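Chemist: Since the structure of chain A is already known, use the hints to place chain B on it.
Number of protein chains: 2
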Amino acid sequence: MINKLIAKIRKTNAPIVVGLDPMMKFVPDHIKKAAFAQCGETLEGAAEAIWQYNKGIVDAIWDLVPAVKPQIAMYEQFGLPGLAAFQKTIDYCKSKDLVVIGDVKRGDIGSTSEAYAVGHLGQVQVGSQRYYGFGEDFSTVNPYLGSDGVKPFLKVCAEEKKGIFVLVKTSNPSSGEFQDRLVKNGAAETPLYEIIGGMVNAWAEETMPEQGDYSYVGAVVGATYPEQGRILRRIMPKSFILVPGYGAQGGKGADLVHFFDQDGLGAIVNSSRGIIAAYQQEQYARFGGEGYADASRAAVLAMREDIGAALGRL
Amino acid sequence: MINKLIAKIRKTNAPIVVGLDPMMKFVPDHIKKAAFAQCGETLEGAAEAIWQYNKGIVDAIWDLVPAVKPQIAMYEQFGLPGLAAFQKTIDYCKSKDLVVIGDVKRGDIGSTSEAYAVGHLGQVQVGSQRYYGFGEDFSTVNPYLGSDGVKPFLKVCAEEKKGIFVLVKTSNPSSGEFQDRLVKNGAAETPLYEIIGGMVNAWAEETMPEQGDYSYVGAVVGATYPEQGRILRRIMPKSFILVPGYGAQGGKGADLVHFFDQDGLGAIVNSSRGIIAAYQQEQYARFGGEGYADASRAAVLAMREDIGAALGRL
Chain A
1 MINKLIAKIR
11 KTNAPIVVGL
21 DPMMKFVPDH
31 IKKAAFAQCG
41 ETLEGAAEAI
51 WQYNKGIVDA
61 IWDLVPAVKP
71 QIAMYEQFGL
81 PGLAAFQKTI
91 DYCKSKDLVV
101 IGDVKRGDIG
111 STSEAYAVGH
121 LGQVQVGSQR
131 YYGFGEDFST
141 VNPYLGSDGV
151 KPFLKVCAEE
161 KKGIFVLVKT
171 SNPSSGEFQD
181 RLVKNGAAET
191 PLYEIIGGMV
201 NAWAEETMPE
211 QGDYSYVGAV
221 VGATYPEQGR
231 ILRRIMPKSF
241 ILVPGYGAQG
251 GKGADLVHFF
261 DQDGLGAIVN
271 SSRGIIAAYQ
281 QEQYARFGGE
291 GYADASRAAV
301 LAMREDIGAA
311 LGRL
Chain B
1 MINKLIAKIR
11 KTNAPIVVGL
21 DPMMKFVPDH
31 IKKAAFAQCG
41 ETLEGAAEAI
51 WQYNKGIVDA
61 IWDLVPAVKP
71 QIAMYEQFGL
81 PGLAAFQKTI
91 DYCKSKDLVV
101 IGDVKRGDIG
111 STSEAYAVGH
121 LGQVQVGSQR
131 YYGFGEDFST
141 VNPYLGSDGV
151 KPFLKVCAEE
161 KKGIFVLVKT
171 SNPSSGEFQD
181 RLVKNGAAET
191 PLYEIIGGMV
201 NAWAEETMPE
211 QGDYSYVGAV
221 VGATYPEQGR
231 ILRRIMPKSF
241 ILVPGYGAQG
251 GKGADLVHFF
261 DQDGLGAIVN
271 SSRGIIAAYQ
281 QEQYARFGGE
291 GYADASRAAV
301 LAMREDIGAA
311 LGRL
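Chains as they are written, first to last, in the working numbering: chain A, 1 to 314; chain B, 1 to 314.
These are computed hints drawn from the structure, not numbers from a lab. These numbers come from a predicted model, not from an experiment. The C-beta atom is built at its ideal place from N, Cα and C for all residues, glycine as well. Keep in mind that a hint or two might mislead.
[As the list claims (entries may be wrong)] Short, incomplete list of chain A residues facing chain B, as computed with Cβ under 8 Å: (1) Met24; (2) Gln38; (3) Leu43; (4) Leu80; (5) Leu83; (6) Ile109; (7) Thr112; (8) Ser128; (9) Gly146; (10) Ser147; (11) Ser175; (12) Gly176; (13) Val257.
Chain A on its own, in the form it takes in the complex (with noise of 0.2 Å):
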């Protein structure tokens, strides 16, 4: 799958992934006002209206990205309703070839990580048979835990031809209250996102797909950092970064460079509200509520020339 979404990036030439991240207040008022006349002010109308609005943005913008990353939490938060919108999207998402990646920062202990990797990544057995759960194509993990809490996923992602992006440092203010603690490290100290950052190389190296430069092992490191970015490209040189972060939380294109390697590969940036709420932004008011979807294209072609020219491309 790191060898598809490559080819992806390759083709559309935008290293960009579309966070589906559905919060109620980004969605138009005619898809809620429909949603709610068929299903009621409930979690089912809910579910319908965010279901509805992806489908929006999916249609406008899948010729043009490798990949989106709906952030399960979103879903979640509407139960099982919401979570049955869930996997309507990574279903429609596979059905337009799009490489989906879970957002579900998921890991616990050893037996548990198991039956979450399967869950999102991998089948589970149920007598004879055997089923997939909500079969992303990759999925975050949350690395808390230790090696025993990733190596279920590791397992998974190889037998699956799989992939998993690693926690090392995330995009948000208080990221470095933990990840950034000097640890020491033989005689000297070390950040622990420099710890966790060779762990994911060492994870990497264990699981590289049969042809290709890069593992299916990835790493999080958020478009905030660009400095911590440039010494963990260095770190983890097998593995992908995925980077958030990028616009609405303060990312920029030339932030980006040092997640990137020569070859312009080795990293994805998502942005999320930037792209599918992008009519709320004053440049892209003219498109209204209705014109959402089309704003969210516009949003997409602006983000790959700025990446673009970030990259020394254009």
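Modeler: Frame of chain A, contents of chain B only:
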């Protein structure tokens, strides 16, 4: 909800939580057979099997213990049907007046953690209405992203009078890889779990109920690390400690004394497979698969005795 938990611990004399973590290999044959006959060897069939299995256990133990802790991964692995069984299990346990701790280990950047907090503990806004998502009483939280990933949970806890248990020192063998790292702390060097314990204590102090000694904010510390438990008990005087790792993972009654306060409160010990799959152990084999729920009840009684003896109550 923390005060309800404490009242129920006092009433049952059992600081015990039963981990409802149903793996298919634990489910007795007669239950699987009936579920597959009804729904086929499908995800729905698996979900029906784990629900019936849970129901039998809850019916056998609800009067003995204050709380249950379903591990969501064990349901999530079966996709949407599995999560429907998670919801049914929560609802059923609440109908038996059990305190429900959702072992979800969620945690993300601020706006995303807010969605998780709302989805598991709080109420989500849909138009003019508000709904509970999964509606647990407590949830576990992963603090790796720092305080802006935890604060949305504090807000919901205060509003709903519910609670969280923050992962501080997990029970698994590799928990030390990151959690035990010595980090620079002024002139001293302190293990990361102590730093996190200090932050939990600060969150606990700002999230107290109107009455009572314990905060809405607790911590997870594994029974497998009693020495760290002793230190953390002191660092977090306002926090209840949820102690996994008893039984199958190797923690023993005698290891538990350090997790409790002098009042015999302050900790609640989880056992999952040691109770729910008791019938598969030699000492309860006489119950057989058909008597699995009675075996669970016997295992709870033995655990109560073990902990009571360790705490000098018997």
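Chemist: If a hint holds in the structure, say so; if it doesn't, say that too.
Modeler: Evaluated hints:
1. With a cut of 8 Å, the hint placing Met24/A at the interface with chain B holds, because the nearest CB-to-CB distance is about 7 Å.
2. At about 13 Å, the closest approach between the beta carbon of Gln38/A and any beta carbon in chain B exceeds 8 Å, and the interface hint on this residue is violated.
3. A distance limit of 8 Å between C-beta atoms decides the matter here; for Leu43/A the minimum to chain B is near 5 Å, and the interface restraint holds.
4. Below 8 Å, beta-carbon pairs count as interface contacts, and Leu80/A has one with chain B at about 6 Å; its hint therefore holds.
5. At its closest, the beta carbon of Leu83/A sits 6 Å from a beta carbon of chain B; the interface hint therefore holds under the 8 Å criterion.
6. Taking 8 Å as the C-beta cut-off, the interface hint given for Ile109/A holds, the closest approach to chain B being about 4 Å.
7. Restraint check, Thr112/A versus chain B: the minimum CB separation of about 5 Å is within 8 Å; hint holds.
8. Interface hint status for Ser128/A: upheld, as the beta-carbon distance to the closest one in chain B is roughly 6 Å, under 8 Å.
9. For Gly146/A, the interface hint holds, the least distance from its beta-carbon to any beta-carbon of chain B being 3 Å, beneath 8 Å.
10. For Ser147/A, the suggested interface contact is upheld, since its CB lies about 5 Å from the closest CB of chain B, less than 8 Å.
11. For Ser175/A, the interface hint holds, the least distance from its beta-carbon to any beta-carbon of chain B being 6 Å, beneath 8 Å.
12. Checking Gly176/A against chain B by beta carbon gives a least distance of about 7 Å; that is within 8 Å, so the hint holds.
13. Restraint check, Val257/A versus chain B: the minimum CB separation of about 23 Å is more than 8 Å; hint violated.
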